[in-house]
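Asker: Chain by chain, the residues run as shown.
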Amino acid sequence: MLIRVTEAPLDIAEAVAAVETNAAGAVNVFLGNVRDNNLGRRVDHLVYDAYPSMAEKVMREIAEEAKARFGLLDCAVLHRTGRLELGETSLLIAVSSGHRAESFEGGHWLVNQIKKRVPVWKKEVWEDGEAWIEGPESMGLQQAPAGMR
Amino acid sequence: MGLARKRQRHVGYNQGVSVTILFFASIADALGHRRLELPSAPGDTVESVCDRLMTAHPQLERFRPTLLFALDEEYVKPSAPVPAGATLALIPPVSGG
Chain A
0 MLIRVTEAPL DIAEAVAAVE TNAAGAVNVF LGNVRDNNLG RRVDHLVYDA YPSMAEKVMR
60 EIAEEAKARF GLLDCAVLHR TGRLELGETS LLIAVSSGHR AESFEGGHWL VNQIKKRVPV
120 WKKEVWEDGE AWIEGPESMG LQQAPAGMR
Chain B
0 MGLARKRQRH VGYNQGVSVT ILFFASIADA LGHRRLELPS APGDTVESVC DRLMTAHPQL
60 ERFRPTLLFA LDEEYVKPSA PVPAGATLAL IPPVSGG
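Going down the list, the protein sequences come from chains A and B. At position 50 of the first sequence the residue is numbered 49 (numbering that gives the first Met the number 0), and the sequence of numbers has no breaks. At position 10 of the second sequence the residue is numbered 9 (numbering that gives the first Met the number 0), and the sequence of numbers has no breaks.
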């Protein structure tokens, strides 16, 4: 299982190679990329902060859970931190499974859990200001992991 | 490796007296630091440590309603006990991905 929080650019080929096995008829790859707009504002770039050691721990827990829930063969989860320009990849997920259905469903579930639970934060920088985005999809209150409030 | 050694030394001479608090994103900006240490007290919980922190740094109070807490890299409830030497992270609403 490949789990990493890093300031370095993310490498798709490395993630795919990490999850490929001869038993895997399907490999599903997800890229979360920096978009040039959010909620009607033009985004110049993003800056990601993280609690790297805990982030990797939580990513590993989520990946283990995904493997068990969806019968995945392997997972790679990589998150980038620091300054990211438009179009760059902040989140890279690759999952492998015997057949395609598990890798689509498991991959989708993984992305959602990563966004909810991993201690990583993004700051949007616009032409005329900046703000930390706090909470799911930047709106509303934090969803506490089960039983933490 | 250097980090591990540093931490050991730190725990060595500070054992039993302090709690390390970590800050990220918006709350780190508001404080102007990413970590600080507070003296620990017998019977400390996440809540009691947080009370002392907010008294010393009232500009952090506005973050409190949405904070989650992690003790030694594990999400915990506000009522969780905080042993001396522990690391408490204040977790604003996450927004990775």
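Note that these hints are calculated values from the structure, not bench results. Accuracy of the hints is not assured; some may be wrong.
SDA-like mimics (lysine to any residue), calculated; alpha carbons at most 20 Å apart, straight line [claimed, not checked]:
1) Lys115/A with Ala29/B
2) Lys115/A with Arg63/B
3) Lys76/B with Gly134/A
4) Lys114/A with Leu59/B
Asker: Going back to the hint list, which numbers does this structure go against?
Answerer: As far as the earlier hints go, 1, 4 are violated by this structure, in ascending order.
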